[in-house]
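Protein sequences, first through last, are from chains A and B. Per the numbering used here: the first sequence = residues 1 to 331. Per the numbering used here: the second sequence = residues 1 to 345.
Keep in mind that a hint or two might mislead.
To be verified - Where chain A lies over chain B, by a calculated footprint (3+ residues, C-beta under 8 Å):
no.: 1; segment: 110 to 122
no.: 2; segment: 136 to 146
no.: 3; segment: 178 to 186
no.: 4; segment: 334 to 344
If you are wondering where the hints come from, they were derived from the structure by calculation, not from laboratory data. Note that beta-carbon positions come from the ideal geometry of N, C-alpha and C, so glycine has one too.
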Amino acid sequence: MIREITFVEAVREAQAEALSSDDRVFIMGQELGEYGGVFRATEGLAERFGAHRVRDMPIAEQSMLGAGVGAAVMGMRPIVEVMFMDFIACGMDAIVNHAAKVRYMSGDQMRAPMVIRTQGGSGTHHGSQHSQTLESWFLHVPGLAVVAPSTPSDVKGLFKTSIQVDHPVLFVEHRALYRTRGTVSDPVAPIPLGKGAIRRRGEDVTVVGIGKSVGQALVAARLLEEEGVSVEVIDLRTLVPLDLDLVLKSLAHTHHLVVAHEAVERGGWAGELVSRVVAEGFDELDAPPLRAGSKPVPVPFAKELEAEMIADERLIAERVRQALGIVEYAR
Amino acid sequence: MNHRTSTAQTVPAPGLSDQDASSRGAAPDVRSDAELREIFRLMYTIRRFEVTLERAHLEGDLYGPFHSSMGQEAVSVGVCAALRLDDVVTSTHRGHGHAIAKGADLGRICAELWGRSTGYCRGKGGSMHIVSMDHGFVGQSPIIGGSGMLATGAALAFDLSREARVAVAFMGDGAVGQGVFHETLNLAAIWKLPAVFVVENNGYAHSFRAEQMQLNPDIATRAAGFGIPGVVVDGIDVFAVREAAGAAADRARTGGGPTLIEAKCYRWRGHNLGDAEHLYRARQEVQEARRDDPLDRFRAATSDLIPPGVLEEIEKRVAAEVDGAVRFARQSPPPDPRTALEGSL
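Let the hints inform the model, and build the full structure from the sequences given.
Pasting the structure below:
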């Protein structure tokens with residue numbers, strides 16, 4: 001059976017399925033239970049599974065994530081919701097120094113299987129401290145998987161795997177996607193981590209993205225089609241592990257690469273991908289690979305200001321033109 | 001039998017009766033001679049371990065940081081003696097004593113400190129990261145305050161799976177300065193988790209005297225802010241510690257929620273080996289404090305319970321055991337370098 005649901009409904013269904021199929025799964029966070037989550041991602045779950053498994057807790061990210069690690073080490077499978085990705089900064093010690101490392105440091109005696117769900121990004125005018133895209137931070141810490149779905153079906157397929165693996169997973173949702181719709185089958189098959197997907201076939205250039213950037217790349221591709229440019233769009237789906245082979249394979253026929261993310265371009269994960277492509281696919285490149293990321297300022301409130309700095313479909317299209325030499329490269 | 005005089009003082013939380021919160025006045029329950037001897041064996045093992053490995057370190061045989069727990073043996077052993085085998089303990093950078101008291105194997109601890117393949121973490125952890133899941137020693141966090149959040153999570157797991165187990169976090173007085181200390185105590189309190197927080201107030205957070213960093217000299221009184229009992233206990237007296245920990249563990253196990261225990265003790269050594277101690281404390285202060293030795297206190301308290309010669313016999317056996325553990329570590333092969341990349345993600 002094929003149904004159409006929203007992205008946030010997929011997040012809710014994915015969690016409900018995890019709760020009902022595995023007693024070890026529970027959710028911790030703020031506003032989850034009676035409130036149903038500030039984005040409705042846990043609506044009805046406390047009623048269905050009980051307040052002990054859908055646990056509201058004080059606004060205390062470090063202890064929330066740290067207790068998640070402790071519970072995971074003792075055999076549970078926590079889902080910890082960090083309401084805004086910006087707030088993850090308050091709990092970094094638990095993620096970086098504990099969740100990511102306990103398995104390695106203990107010689108594989110301890111494991112921390114947990115899903116850290118969070119949402120972020122621009123577009124709702126929440127200002128600088130509620131709009132960041134910070135997944136790049138976590139690529140730099142060995143021991144964490146980083147997952148960023150772009151469709152409702154992928155939410156369900158990737159979540160199913162994320163809650164089953166024996167290591168921590170950062171599950172990044174872009175807020176602007178929550179009300180987008182997509183079809184899902186029943187049930188959705190689990191999607192292995194580290195397997196990207198080609199969203200559009202094209203001949204001239206490969207655009208790689210995750211989450212919201214995938215949709216923007218598709219919009220850019222339609223714009224460029226009118227200009228006679230054929231764009232291939234790859235959705236990486238997970239950043240750790242990274243499906244480099246899929247990118248290299250695409251590059252072998254397009255010979256041009258643009259990596260798109262809403263995160264600030266400087267120090268973003270696109271740089272890592274470009275570096276690996278240069279190291280392993282240099283001969284396939286007909287031109288320097290380019291990044292389409294946001295400008296290095298905090299995300300501002302006013303929509304005119306945000307539009308000036310945020311990476312969007314216009315920037316992606318412009319980078320494609322630059323990569324193909326249609327227009328000259330400018331920062 | 002002066003060990004029957006408890007030195008524990010309870011700071012009751014608001015709304016809790018003395019009886020709920022109290023570990024005051026009750027005589028320690030010395031279950032058997034064998035248990036007494038076991039308490040001494042563990043305390044002496046910790047002492048002997050720290051002395052022996054410190055020497056090996058100074059001789060250049062060991063590398064990496066080394067945080068001696070000498071002087072704090074009664075806290076480690078007193079707490080763990082009050083626990084069941086399947087209860088768990090989390091620990092700090094100063095954790096050798098906790099691992100030994102929880103029953104971890106000396107040889108494998110030594111091998112980990114020597115960075116050998118036979119170590120608990122196969123050379124990936126070292127002195128600050130000993131783990132023995134088999135013994136419920138679920139790890140050290142040398143990130144100050146980290147042990148509290150891990151124990152809170154373990155207690156949450158026990159609560160969710162309805163297991164009658166208790167999670168104990170050892171922490172230092174320095175941990176009280178961390179935000180996560182307050183977060184986790186509050187979380188454990190509101191959820192009535194089966195957790196016990198043991199702050200070893202050894203007087204120093206690295207070079208800072210506790211009173212420089214907190215106006216309130218009694219850490220246990222912080223418990224009132226979370227609505228849980230706080231207990232101050234003489235951390236030199238293993239029986240007092242065991243009594244306080246036993247009451248807290250019972251309370252936790254029976255749904256009463258967490259307790260904060262402050263064990264007042266003294267750090268005999270610098271923060272770590274090679275610490276510039278002379279910059280912040282006088283030799284005389286240390287010498288004076290060392291006159292109150294937890295091992296001597298044990299001997300005095302049990303002089304009419306344990307026949308002469310028994311403790312000396314234990315000391316001899318422990319010395320040989322520590323030497324054997326060191327030998328095991330030294331003779332063990334280093335880890336295969338290829339194992340460095342195991343589990344890469």
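| field | Coverage assertion for the segment 136 to 146 of chain B with respect to chain A, Cβ distance below 8 Å, three residues required | value | holds (count 5)
| Mind checking, does the segment 110 to 122 of chain B have 3 or more residues with a CB under 8 Å from chain A? | The restraint on the segment 110 to 122 of chain B holds, since 4 of its residues have a Cβ under 8 Å from chain A and three suffice.
| said: Count the residues of the segment 178 to 186 of chain B whose Cβ falls closer than 8 Å to any Cβ of chain A, and tell me whether that reaches three. | reply: holds (count 5)
| Can the segment 334 to 344 of chain B be counted as covered by chain A under the rule of three residues or more with Cβ-Cβ separation shorter than 8 Å? | holds (count 3)
The structure meets every hint from the earlier list without exception.
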